[in-house]
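Novice: So you can see what is in the structure, the chains are spelled out below.
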Amino acid sequence: MREEIVFAGFGGQGIMFMGKAIAYAAMNEGKHVTWIPSYGAEVRGGTAYAMVIISDEAIASPLIKEPTICVAMNGPSLRKYEIKVKAKGLLIINKSIADSEAKRKDIEILNIPITELAQEAGDHRIGNMVALGALLGRKKIISLESLISGLEDIVSSAYHNLLPVNERAIRKGFEYGSR
Amino acid sequence: MAKKVLMCGNEALAEAAIIAGCRFYAGYPITPQNEIPAYMSKRMLEAGGVFLQSESELAAINMVFGSSLTGARAMTSSSSPGISLKQEGISYLAACELPAVIVNIMRGGPGLGNIAPSQSDYFQAVKGGGHGDYHQIVIAPASVQEMADLTMLSFDLADKYRMPVMILGDGILGQMMEPVEFSLQPSAFSLQPKDWILDGCKGRKPRVIKSLILNETELENFNLKLQKRYREIKDKEQRCEVLYGEDSEIMLVAYGTTSRVARSVVEKLRKIGKKIGIIRPITLWPFPERTFKKLEKSVKSFLVVEMSCGQMIEDVKLAIDCAKPVHFYGRTGGKIPDEDEIIKELDAISGFSDRRSDRG
Amino acid sequence: MDKIFEKPESIRDKETHYCPGCGHGIVHRVICEVVDDLGIREKLIGIAPVGCAVIAYDYWDFDVTEAAHGRVPAVATGIKRSLPDRIVFGYQGDGDLGAIGTAEIIHAANRGENITIIFVNNTVYGMTGGQMAPTTLIKQKTATTPSGREQKTHGFPLKVCELLSVLPGVAYAERVSVHNPQNVLKAKKAIKKAFENQIKGLGFSIVEVLSPCPTYLGLSSKDAVKWVGEELVKEYPLGVFR
Chain E
0 MREEIVFAGF GGQGIMFMGK AIAYAAMNEG KHVTWIPSYG AEVRGGTAYA
50 MVIISDEAIA SPLIKEPTIC VAMNGPSLRK YEIKVKAKGL LIINKSIADS
100 EAKRKDIEIL NIPITELAQE AGDHRIGNMV ALGALLGRKK IISLESLISG
150 LEDIVSSAYH NLLPVNERAI RKGFEYGSR
Chain U
0 MAKKVLMCGN EALAEAAIIA GCRFYAGYPI TPQNEIPAYM SKRMLEAGGV
50 FLQSESELAA INMVFGSSLT GARAMTSSSS PGISLKQEGI SYLAACELPA
100 VIVNIMRGGP GLGNIAPSQS DYFQAVKGGG HGDYHQIVIA PASVQEMADL
150 TMLSFDLADK YRMPVMILGD GILGQMMEPV EFSLQPSAFS LQPKDWILDG
200 CKGRKPRVIK SLILNETELE NFNLKLQKRY REIKDKEQRC EVLYGEDSEI
250 MLVAYGTTSR VARSVVEKLR KIGKKIGIIR PITLWPFPER TFKKLEKSVK
300 SFLVVEMSCG QMIEDVKLAI DCAKPVHFYG RTGGKIPDED EIIKELDAIS
350 GFSDRRSDRG
Chain V
0 MDKIFEKPES IRDKETHYCP GCGHGIVHRV ICEVVDDLGI REKLIGIAPV
50 GCAVIAYDYW DFDVTEAAHG RVPAVATGIK RSLPDRIVFG YQGDGDLGAI
100 GTAEIIHAAN RGENITIIFV NNTVYGMTGG QMAPTTLIKQ KTATTPSGRE
150 QKTHGFPLKV CELLSVLPGV AYAERVSVHN PQNVLKAKKA IKKAFENQIK
200 GLGFSIVEVL SPCPTYLGLS SKDAVKWVGE ELVKEYPLGV FR
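Chains as they are written, first to last, in numbering that gives the first Met the number 0: chain E, 0 to 178; chain U, 0 to 359; chain V, 0 to 241.
Heads up, some of the hints might be wrong.
Partial pick of chain U residues on the chain V-facing surface, computed with a CB cut under 10 Å [to be verified]:
1. Ala58
2. Val63
3. Ser67
4. Ala71
5. Lys193
6. Ile196
7. Cys200
8. Leu213
9. Thr216
10. Leu218
Just so you have them, the derived chain U footprint on chain E, three or more residues with Cβ under 8 Å [what the hints assert, rightly or not]:
11. 15 to 24
12. 28 to 34
13. 107 to 120
Derived from the structure by calculation, the hints contain no laboratory data.
Remember, predicted model here, so these are calculated numbers, not experimental data.
C-beta atoms are modelled at their ideal positions from N, C-alpha and C, and glycine is treated no differently.
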């Protein structure tokens, strides 16, 4: 198993954290992982991205040219990354925000009303958790439980009161992605 | 076994420095190394050491100079433009035989350049960016784990040879997160008392640590002493990693982040039976000449891959006395050579790969 | 017969390299007397600057290092922070402190580093051949102001004590002179206080010492001393600034 995932969206959508959450959980499952952020001035506003590789084997290059999975959390990142997704790869789109539609026919496309699902889970701001859940619903890279239990370690204890709502969001996404 | 944690390279480096016994850090903010001072500002205090955000990189390196001469393990970090400012201080550290660890998380240059990863400070690091006939040991990690392990090694080498050691990383290595284990223990060196420090002359004769030597003979002799030490280091401290050294006809040569990409190329091409390998220098100074000399006979040609316009390539050519063709592929300005580009370059050199067969 | 004058323990038995009439030797000696008086020789680390006083360690019989030009306060910071119970002082000239090392002195002072700085202001660069210093007076002739310093080209004489005196990190800033015995005694008192402050942990102390450089003032030793006492003190008034 080897997945090369790009998470992309606006700064502030929790893009870096999505990558960290799945990379951390995968590490705990004994997998090899790398996580590379976009860094510097571009992380506020503009398009932020995180590149995550999860693999059963040691990872040489941590860079991703053609992601096998892309999670596009907004319109600009959809337009930027749709063309890059590897043939037969997966493109997850935040339908609630993206202002255009994917055109590729050689990849799997999953349109998700992420903001609405996050709202249903209890907080419209945690669309990133919905998207992660959906990703795992579609691709069994790691177990849902690893992701959820991992959050406890990487979320600062000051925000642990938000863990339940995050879990709900992940499960909602997972359900949607598993359909 | 220590627990694996997911950490970015800059933080792993900082934590390793603390474990190695570093108790003094001074630095000035610059991207992409800001995680180091931020981490130190908390952890150094917990460890009972000193953290200082200095007024400039000049001040930081000179604070490190001051701390080092008291016997403390001291470190500063910066990125390319800031490292240029530290060169004066590095020359003085070398001249005063003071150990220190200097971290350069390289970014695109020249000038202010950009904040993207780069390897264009190679010359500055290995040829001596400051004035005078001196060297610093230059260490090139290629993973977050190595950002930790080689930091600990750097402090030991600095103490062992009483000289500055530079850790030469790049923006990717600093920012990237990977699992890392802090399994190494501080070495014996970290505990060894230093008999040359300034701490007040109680119970002994006063000492002077200085670099002014007006008498030509004395200064020449001092330089010869340094050169003798440098020869010893060249003899004992060359480090590199070689993959497929036995049967490779073509060898990639790359360090740091670039070596990770090059390694992917090697793995891909090996799967389709190509005789290709990689030499990854871990010490850039001393350059692992012996390995090159050894492999020079069996290897038909070398391809050096860098995030620069061609700097390390000169050391490769020198190491093998230009006995075999040495090719170059580099990207600059913050661009990273990608696998396809390297494969294309290999094709151009020797019709080496069958490009289509390795895809998909 | 009672011995009423002797060489301080902290000063080495060494022939001076300073020019006749130079003030550095006096300041070196005064520092050593204070070090002896306070009994701090064995816990002292001095920092010599780049400039005429670079080989101060040839005279001082305690631990001494030498900083790059202008970096004395940064080196002092590194030493003092690493060994807070030792006494650390920097010796700086006007080029070192007032030109190339302005950032370092201001920030060390502003951090309130618990160190002592002895700043010798003789208005010229001695070691390099008598060039203009930041403290050179208007109309003063030097190797690089052959017609005299002009404000239009080179700005005004830099007033270090006045500048630093507005910083809350500064515990003590005084300007003294060594142009006659009475003032040497005052200088000693000030330098002593600057060290005592450090012992008490009060923070940054600086003593600016007006000092004659007959060679590059183009004056006899006697006239140089007179010039300091009569002319230099007009531009740089003596006294406590903080």
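Novice: Hint by hint, note whether the structure agrees.
Specialist: Okay, the hints, checked on the actual structure:
Against a cut-off of 10 Å between C-beta atoms, the interface hint on Ala58(U) holds, since the closest Cβ of chain V lies about 4 Å away. With 10 Å as the threshold, the beta carbon of Val63(U) comes within range of chain V, its nearest partner Cβ sitting at about 6 Å, so the hint holds. Because the smallest distance between the Cβ of Ser67(U) and any Cβ of chain V comes to about 7 Å, under 10 Å, the interface hint for this residue holds. Interface restraint check: Ala71(U) against chain V, minimum CB-CB distance 5 Å, threshold 10 Å, status holds.
Nearest Cβ of chain V to the Cβ of Lys193(U): about 12 Å, over the 10 Å cut. The hint is violated. About 9 Å separates the beta-carbon of Ile196(U) from the nearest beta-carbon of chain V, less than 10 Å, and the hint is met. Because the beta carbon of Cys200(U) sits about 5 Å from the nearest beta carbon in chain V, less than 10 Å, this interface hint is met. The closest approach between the C-beta of Leu213(U) and any C-beta of chain V is roughly 8 Å, which is under the 10 Å cut-off, so the hint is satisfied.
Given hint, Thr216(U) at the interface with chain V, is violated; its Cβ is 17 Å from that chain's nearest Cβ, farther than 10 Å. Contact between Leu218(U) and chain V, as hinted, is not supported at the beta carbon level, the nearest pair being about 14 Å apart and thus beyond 10 Å. Coverage of the stretch 15 to 24 of chain E by chain U holds [criterion: at least 3 residues with CB-CB distance below 8 Å; count 3]. Counting residues of the stretch 28 to 34 of chain E whose CB lies closer than 8 Å to any CB of chain U gives 4, so the stated coverage by that chain holds, three being the minimum.
A count of 0 residues in the stretch 107 to 120 of chain E with a Cβ less than 8 Å from any Cβ of chain U is obtained; the coverage claim is therefore unmet, three being the minimum.
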